Amino acid sequence: MKKRLFLAAAAVVPALVAGDAAMAQDKTKAGFVYFGPVGDGGWTYEHDLGRKAVEAEFGDRVETIYQESVPEGADAERVITHMALSGADIIFTTSFGYMDATNAVAARFPEVKFEHATGYKREHPNVSTYAARFYEGRAIIGYIAGSMTRTNRIGYIAAFPIPEVIRGINASYLWARKANPDVEMTVIWVYTWFDPAKEADAAQALIDAGADVVMQHTDSTAPQAVAQKAGTVWTFGQTSDGAAFGPKLRLSSIIDDWAPYYIDRVRAVMDGTWESSATWDGIDQGMVKIGEITDEVPAEVKAGALALKEAIASGETHVFTGPVNRQDGSVWLAEGETADDATLLGMNFYVEGLTGTLPR
Amino acid sequence: MTDFPILALLAGMIVAATPILLAGIGELVVEKAGVLNLGVEGMMIVGAICGFAVAYETQSVTLGYLGAAMGGAALALVFGVLTQFLMTNQVATGLALTLTGLGVAALIGQPYIGIRGTTVGAVPLGPMREIPVLGPVLFRHDAMVYISILIVACVWYVLRFTRAGLVLRAIGENHHAAHALGCKVIVTRLAAIVFGGVCAGLGGAYLSLVRVPQWAEGMTAGAGWIALALVVFAGWRAWGVLVGACLFGGLTALQLFLQAAGVAVLGEYLSMIPYVMTIVALVIISSGRVRAAPCAPASLGLPFTAAT
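Going line by line, the protein sequences match chains R and D. When you line the first sequence up against the working numbering, it's residues 1 to 360, in that order. When you line the second sequence up against the working numbering, it's residues 1 to 308, in that order.
Derived from the structure by calculation, the hints contain no laboratory data. The structure presented is a predicted model; accordingly, all values stated were derived computationally and were not measured. Each residue gets a CB set at the ideal place from its N, CA and C atoms; glycine is no exception. Any given hint could be a false lead.
To be verified - Here are the computed distance ranges between Cβ atoms for each label pair:
| # | chain 1 | residue 1 | chain 2 | residue 2 | range |
| --- | --- | --- | --- | --- | --- |
| 1 | R | LYS27 | D | VAL283 | 37 to 45 Å |
| 2 | D | LEU86 | R | LYS52 | 39 to 47 Å |
| 3 | R | PHE349 | D | SER287 | 56 to 64 Å |
| 4 | D | ILE273 | R | GLY346 | 31 to 39 Å |
| 5 | D | VAL283 | R | ARG360 | 25 to 33 Å |
| 6 | R | GLU123 | D | VAL283 | 37 to 45 Å |
| 7 | D | VAL283 | R | ARG61 | 52 to 60 Å |
Hey, can you work out the whole structure from these sequences and the hints?
What follows is the structure, given as structure tokens:
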């Protein structure tokens, strides 16, 4: 009996989070579906800051609801459907794995607008996709890493061999090498977005292999904690500021800022001007930000990094500008040529100079 | 490609082995008493957050471990009361314990996300640190590594050479016979379950205090299941758990070190092996043949009601 009560309670909690279904019609209702807990200090945390910015911007004219820790797959479709049924006017689904679920629900609710983060499928006129050009941030971080390393070895903890991650590795490496031609980059694939113990072990292995700057494309701050133990190793904040680890351990950070986009899109729904679109914004539009560069970084390196940031923002510098060869020595970009978005979106090769084999 | 850091790899192996060693040796005692507690993962994660929270609030790692042990024990006690007094199914209760533990830990952990953990120093072993090869591998760790090995030794000694160990094993082999001889089946099992909780809690705390060291939701990421498999893999022998933990931990460390050294080809396969071994072990445990295996407690997982 007690157990049954407990189960009933467990079933009620998510429903409470999703909010009351009966809502006044004059308010615009925005729903957010999160992959992690809002307190993950990284990816989901930043999306939730965007949601709060929407509330702050529109006050009483908007109502937001969210559901956290939604697994990718069948559950996602159920959650999105529930949100659409509860009267949401626009729904943001914030993980790559919600792609098919988002499109499936969009087919059944043509009046509701759907916004899917980091995906590419827009099967219905009421679906938009949006993503950030994180690689622009990684180029700047890579430049700092290349300037700072004393051992000429940068460690990189990578999640999965998908274009998004490979782009980040290539961008970091190219700009680290521009700052320091002798730099080498060691990549460890951990095959998880989030496993603090494994990320910590990977950071330790990189440090033991001689890396004194560790970059990461995983979600936890375990590498920072390991760097703290090692004492003489630098890291960067990932997706969120990670300022708790500054200033000695965390030189700077890449921050995703979704707030302006979310405000824009909710306003478009209110005005009736919403249209399906594919957004891929970077430093220029403020979707990717560089966290404070600490004093641990020498002034001239900091100046160089900020100059690079300006150049990328103004469009003067493209992160991938030729001459750049692929790892096998074949020409990718000729002198002065810049990479097109299609190649970047499908990037599946290392650039020349990176050691190690890219897993297939 | 640099020189392969074999000493660092071995040291990393020990760090990776310690959490599953602690959880595994606790579960070994529980199973030796004839109880199957599948809630190791839940007890570990509760230990991880209790350890981190207490250590952070008191700035004392020792108190942190104490808090972790109590957190693990409290959850284990819930399991004990449910299975020993209310006669619930051990498998289902254990699974529920894992889910509950993950949820409870996430709840307690809300204020501790993104906070810097404490730094745990190595035990000052003086000249032993400088012994070539052995020094860097064995004598530069924190206290819990040595305590965990001590716990293994104690468990081995108690189970093998003391009356209490004999009683515990007797209860695990045939609880009716042990009961007829006057052994206190329920009390002994409760004690074993609590001991398992203490050990799992310490193992979890080792993650949040030493190996990572910080709190993150779901940070045990399956270590509890590996610990369960470890007990089967070890054939219910205390020293076998130590060997298995080093093997499992070594494989985790090895694949990362190979990648760091530029050998990426084997990475995926090596990272698979602990899980493949786990699956094989779990197949064995569920096939029913386990009772014929040497050292497997004959009454494992069976409910006990005192015959009148």
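Practice prompt. Go ahead and decide if the range 39 to 47 Å is satisfied by the Cβ distance of D:LEU86 to R:LYS52.
Written response: With Cβ atoms ~45 Å apart, the hint holds.
Fill in: Outcome for the supplied range 37 to 45 Å, where the beta carbon pair is R:LYS27 and D:VAL283
55 Å, violated
Worksheet item: If you check the beta carbons of D:VAL283 and R:ARG61, does the distance land in 52 to 60 Å?
Response: For R:ARG61 against D:VAL283, whose Cβ atoms are near 58 Å apart, the range 52 to 60 Å holds.
Practice prompt. Using the beta carbons of R:PHE349 and D:SER287, state whether their distance is inside 56 to 64 Å or not.
Written response: 46 Å, violated
Worksheet item: Taking the CB of D:VAL283 and the CB of R:ARG360, does the distance hold inside 25 to 33 Å?
Response: 30 Å, holds
Discussion item. Given a hint of 37 to 45 Å, does the C-beta separation of R:GLU123 and D:VAL283 actually sit inside it?
Written reply: 42 Å, holds
Worksheet entry | 31 to 39 Å as the expected CB spacing between R:GLY346 and D:ILE273, which holds or is violated | 32 Å, holds
The structure is inconsistent with the numbered hints 1, 3, although it conforms to all the rest.
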